[in-house]
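Keeping the supplied structure of chain W fixed, place chain X upon it in accordance with the hints.
First to last, the sequence lines map onto chains W and X. Under the numbering used here, the first residue of the first sequence is numbered 3, with each subsequent residue one higher. Under the numbering used here, the first residue of the second sequence is numbered 3, with each subsequent residue one higher.
If you're looking for bench data, these hints aren't it; they were derived computationally from the structure. Careful: at least some of the hints might be erroneous.
Copies of the same chain are indistinguishable here, so a pair counts whether it falls within one copy or spans any two.
The calculated DMTMM-like cross-link candidates involving lysine to aspartate or glutamate, where the alpha carbons are at most 20 angstroms apart (straight line), are [claimed, not checked]:
| # | residue 1 | residue 2 |
| --- | --- | --- |
| 1 | LYS745 | GLU679 |
| 2 | LYS127 | ASP790 |
| 3 | LYS359 | GLU110 |
| 4 | LYS194 | GLU239 |
| 5 | LYS449 | GLU226 |
| 6 | LYS283 | GLU228 |
| 7 | LYS299 | ASP452 |
| 8 | LYS127 | ASP45 |
| 9 | LYS124 | GLU114 |
| 10 | LYS745 | ASP678 |
| 11 | LYS731 | GLU142 |
| 12 | LYS731 | GLU679 |
| 13 | LYS15 | GLU247 |
| 14 | LYS321 | ASP790 |
| 15 | LYS299 | GLU451 |
Here's the letter readout for the chains.
There are 2 protein chains.
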Amino acid sequence: MYTFEPDKTVLDKTELTLISQYWNACNYLAAAMIYLQDNPLLDEPLKSEHIKNRLLGHWGASPALSFCYIHMNRLINKYQLDSLFIAGPGHGAPGVLAPVYLEGTYSEYYPEKSETINGLKKFLKEFSFPGFIGSHCTPELPGSIHEGGELGYSLSHAYGAAFDHPDLIVTCVVGDGEAETGPLATAWHSNKFLNPKTDGAVLPILNLNGYKIANPTILARISEEELLNLFKGYGYEPILVEGSEPQVMHQKMAHALEHAVNQIKHIQHQARVEDKNGRAKWPMIILKTPKGWTGPKTVDGHQVENTWRAHQVPLAGVKENPDHLAQLESWLKSYQPETLFNHDGKLIPELQAIAPKGQSRMSANPIANAGIVRQPLKLPDYAQFAAQVDAPGKLKISNTSVLGEYLNQIFMDNPNNFRLFGPDETASNKLDAVYQSTQKTWLADAKPEDSDGANLSVNGRVMEMLSEHTLEGWLEGYLLTGRHGLLHTYEAFAHVIDSMFNQHAKWLDICKHNVEWRAPISSLNILLSSVVWRQDHNGFSHQDPGFIDLVTNKSADVSRIYFPPDANCLLSVAEHCLQSTDYINLIISDKQKHLQYLTIEQAKQHCKKGIDVWDWASHSEALDTQSQSVDVILACCGDIPTMEALAAAAILKEYLPNLKLRFINIVDLYRIQSSDEHPHGLSTSEFEQLFTQDKPIIFNFHGYPWLIHKLAYKHNASARLHVRGYIEKGNINTPLELAIQNKIDRFNLVLDVLNRVPNLEGAADGLKNKMQQAISDHLNHAHTYGMDSDNISNWQWPDTNFEVEVNDK
Amino acid sequence: MYTFEPDKTVLDKTELTLISQYWNACNYLAAAMIYLQDNPLLDEPLKSEHIKNRLLGHWGASPALSFCYIHMNRLINKYQLDSLFIAGPGHGAPGVLAPVYLEGTYSEYYPEKSETINGLKKFLKEFSFPGFIGSHCTPELPGSIHEGGELGYSLSHAYGAAFDHPDLIVTCVVGDGEAETGPLATAWHSNKFLNPKTDGAVLPILNLNGYKIANPTILARISEEELLNLFKGYGYEPILVEGSEPQVMHQKMAHALEHAVNQIKHIQHQARVEDKNGRAKWPMIILKTPKGWTGPKTVDGHQVENTWRAHQVPLAGVKENPDHLAQLESWLKSYQPETLFNHDGKLIPELQAIAPKGQSRMSANPIANAGIVRQPLKLPDYAQFAAQVDAPGKLKISNTSVLGEYLNQIFMDNPNNFRLFGPDETASNKLDAVYQSTQKTWLADAKPEDSDGANLSVNGRVMEMLSEHTLEGWLEGYLLTGRHGLLHTYEAFAHVIDSMFNQHAKWLDICKHNVEWRAPISSLNILLSSVVWRQDHNGFSHQDPGFIDLVTNKSADVSRIYFPPDANCLLSVAEHCLQSTDYINLIISDKQKHLQYLTIEQAKQHCKKGIDVWDWASHSEALDTQSQSVDVILACCGDIPTMEALAAAAILKEYLPNLKLRFINIVDLYRIQSSDEHPHGLSTSEFEQLFTQDKPIIFNFHGYPWLIHKLAYKHNASARLHVRGYIEKGNINTPLELAIQNKIDRFNLVLDVLNRVPNLEGAADGLKNKMQQAISDHLNHAHTYGMDSDNISNWQWPDTNFEVEVNDK
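Bound conformation, chain W alone (with noise of 0.2 angstroms):
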């Protein structure tokens, strides 16, 4: 085994040469693209018009983003590995277009711009410039899974990459700005749940670079001992790499790194060779280099070079100020670009030579464009797990319980490319079937008591820690490397990810619309269970319905969101999403016993129209849509206020008739929307058919009731549209207490019809008086009787039995 000594020399001379050349062609190449329009390889002397006119990019990080990427590819030709890289400073992308651009993938991408001197000159003009190359890695920069425009989730995404890919390394440089953030600092614990045998390994390079955009960062300014007790109290065996001068830190990188590789294949080995698999101590380096290592030392008598002043630009207004413009100029020579390209632009052979080739490039590793690697999943027939449903709102059942049964069956069909995500909830959201093929993924110290029934695994495939971030995005590091999953969490937790959330979504727009290279990966599956109406004691901080908010400001382009009513929905529901590509795919679903509707086949139907009358609760009268013979419209949305709804609807065909009532369910959230803003939307005529032109709507939602309106706002119908929805009315409640509090009740839904259809007076008021008495009862019942006071079978809306009225239809 290869061992670590400080000091050893690994370079010899020609190697420690080649290195030095190809990390200052790099460094040339960030400090250029920040500058320089035109004259790309100073041929001629530096001149005012040659520069940008506005100066933008970050050069601080980028330095070292190269030195690490120039590092692990010597690795790569010395050892065949397969890796990705993952620039958690993408900010400091010119460090890592720098490298892309010069072993070629970026060329072949892009060909306008080539390896020549037009084609640099291009590339180097186009950086940061309007409407062209992004100044993080974004979706456009080919091996880049991780745009690090938002900080805190490399190394999620780095472990999510790692998860069942045996032979990949993943190279993930964390800024030590980023380390600040929560997701970054808790993310580091996923070595608790890497599987030595069956996962690759990440190699997380922790670059101090000391500063960030006007601060010194924490880490770089604690004591060596703190750190390296910080690391190995994480679980991990730091390598510390400190130093500025580069051909003393280019010995002291490569042999870090190459201990580092051989750590890991020792790892790798016992537990793949010698059957002792386990956590391990896997290696990570702290790189301490200086911020804008390489570029100006002082400027107008400030020092730069390692301080927060060289983030960004570190030399401004060079267009204007001749001093500034031969600071640079020097700057630039300083690498000494002549001997670096040749006359036509071209990187000079012998440091072509160096790079990794091909598919052995990080930039162009087949994983970090999943989809053209991406297997399908392979669903079974979600008919066999449906629920059995004799007759609409008899049959009593957990819908999620059921999707458990077909998530199982997928874990056994597709044994390495799925996994399940949730923080600490897998039994409680009811989805624990899984636990028949699988168990919860566990690297860390196991106890006796475990067996009993603790489902842990080192092979598990069930992921389970208590951060939603850690979870989100190792999902989303999985998803981007080509394989499947679903996240379950709690409703009104989900909007701990929102930030994460949202640059997924915008990641996949981004793909979708300007990058026609990248192929389809798996869409982003999300399962919100423990709902807003279904809190019980945990009262008013864990009611909180508005992810839906958050996703319908997303692109219509990659969201979707699912309001399945029973079971055998959320079956067709799930299959869907499960094999869709580039959605987020948003489905709401509470844990607890809901009535059923449907049947499988009725269901399939039903979710393929995503919006439907439901004949059976309706009046036959007001079955029509090409006739306008409809008293009132009550929609409902989701699976709480769909049994309400479907109560509200049995009371009032029990008391009122001849009241024509259409009975509409929603599915597919976005088919209210207007055809002009979604694709699932509905146009003018469509809408009119469903829900008449003039008709009163009473809306049933779970979520705020008010995006409704914001959804629908095209179709015109807001004087006629009565939503109802979670208004922030809760605390330690009822099922029924909090939906009366906010009104999605059966009463208050009767009460929203008798108010809003005109001409019902006589029958009307007795009608009114009897909710109103209903609902005082209720309210007073429960606070006398306590947490389970919905489900006393003494206690009823006297005249009114909603299952059996439902089954009479």
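Coordinates of chain X only, in the frame set by chain W:
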């Protein structure tokens, strides 16, 4: 100085007996409140009817919480400490409710839950009961400033409370589940921001009870060496207290806590008396105890104590299962309640005697009901910082830089109860005028080069860490303990704290409506700068105005949103927000230079109204709000949309001088809602006075356009309301290019007007062509010339000079 010897005995026999008994009383109550609705002291044999109908609550975390609480009580008495208690595992509320009740505070706040047998019965029964006592440390709980419903924020709240409270020790129990979250994992680094001289102390107690809902915890399943290294790495002195035998554990904990408190006093002495101030190695305790400690060891053959099965209700189905009922009775009796309480239900006097009294009780610390101790912020007259506006649209300055001067004066006038929070961007957001009077808090290592402009100091009052979670947590803790502050951040990345924001909004809402004894606290003020419209090279990933949408989902009683169009309006809004209480004030104001429109007096009036017609930008015949003599309303909200709308108005004025355009600017977003829905909303008649009854409204908005439809839907204007805003179109763009892509720019606004106002045909066609030409000219220009093209003096819409046009009014 007190030294730590692991096996030292510190409690004498009497003390040990009393503290053991007190803890028994806590545990008895904690268990009883989950189970009993009657027979509160087991005066008669336990029967099924004494058991609640539904068993809800979290037993698992409770015993260790009260264990920490009462051991802290001992030291409060011994050393006259001033302490707050924060329960990270706030769902273990029984472990906090119990000592709060036993020390009398609960009954003082809720006299119906008196210290009598009937009061006790009510207290137990109402726990987790519909409409009554929450099962977390909700706002209704005296002494709580942290609900602990959503996990992750206990430690940042604790530090926020400790800042500028030099005598306070915040006892903060962190659960090992919560410790897995990102926000908690990075909050440990808060110790680099705590000044031993002028701040109080935080004493973190990490309770490793080993389990979450259904899983072991990571930190309980790593080696002791890793565990201690981790906390040494975080910069603490970890003290491990491990075991399960209560008598031994009382000794160990008493000793450890005494050591910790003495260490704190020693550190503070060094800083305050010996004048050796700097970062300290603060103590923290790792308390390793069984989950569900002292509860049932096994149930139905499964181990319960010290496993995840103890998380919530360890014995289920007690009402129906006689064996479980018997086991419950014997468990409850194991605490010997008859020896702890008198027959009348009151704790025996010997035990009462050992609790702190009056305001020394952590539950009665006035700091935890901070409104009663809060001093209003001393606010200087903002007029002295006003931008000198001679005419609208002439002066161009950064609005936030003007705010910076005002904040600087606030720092001078309020030396110890105001702080500014931001993730490394105070300078970038142009608020750096504050460095005239203060600096950034920094207790990590210093370097010589810091003296050149880094603005770091142990005494700084500007809090910068690259963790929005930590900043928001600090600020919340700071406000909840009676002080004032402002958080500023990137608009897109405000989503990082969506969930924290939700929780704080819910806390305020509950306090306002349900907890009359809580006095108002300072509002949470959030300034979003670096807005969606000015991301330039940061591109698509940094473009997201959705935080505004999130805020609009919270209660109208607590949420406020302001869009000051210029510097003077920003000053007025800032003053208003900084003196308000119990709101969340969201202010959106870009950091770049912008045109100025209003004098300080005009700004004051405009902000007071929140929405107004700008007569100088309107057609003179369209001003009379009693008349409907208007062709079109051009409304705008947000600094950049306002500038574009004004430019559009100028173009229209030049080309269609007879067009009766009414120009409306909105500062207070909620003005456009209905007065039925928000206290700032407009009545129908007010809305129609401003917006007429039937004329087209072109609304140029900063955020997502459909939000305006959502807010305004009750005004039934959606058919004539045409909203422009951000529609997720962007990349690397010049500001004007981005505006054009999303159609909020001057040219598209003119087109919108031309397309909406009837009977313009002749004049309109030529102008339409000009606008389309201008759009295409600009896009071409940007892609040729680059990022700076918006500012090039020789590129301009040929016949329009916005400044002149507006000035000419």
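Hints that the structure is at odds with (numbers, increasing): none
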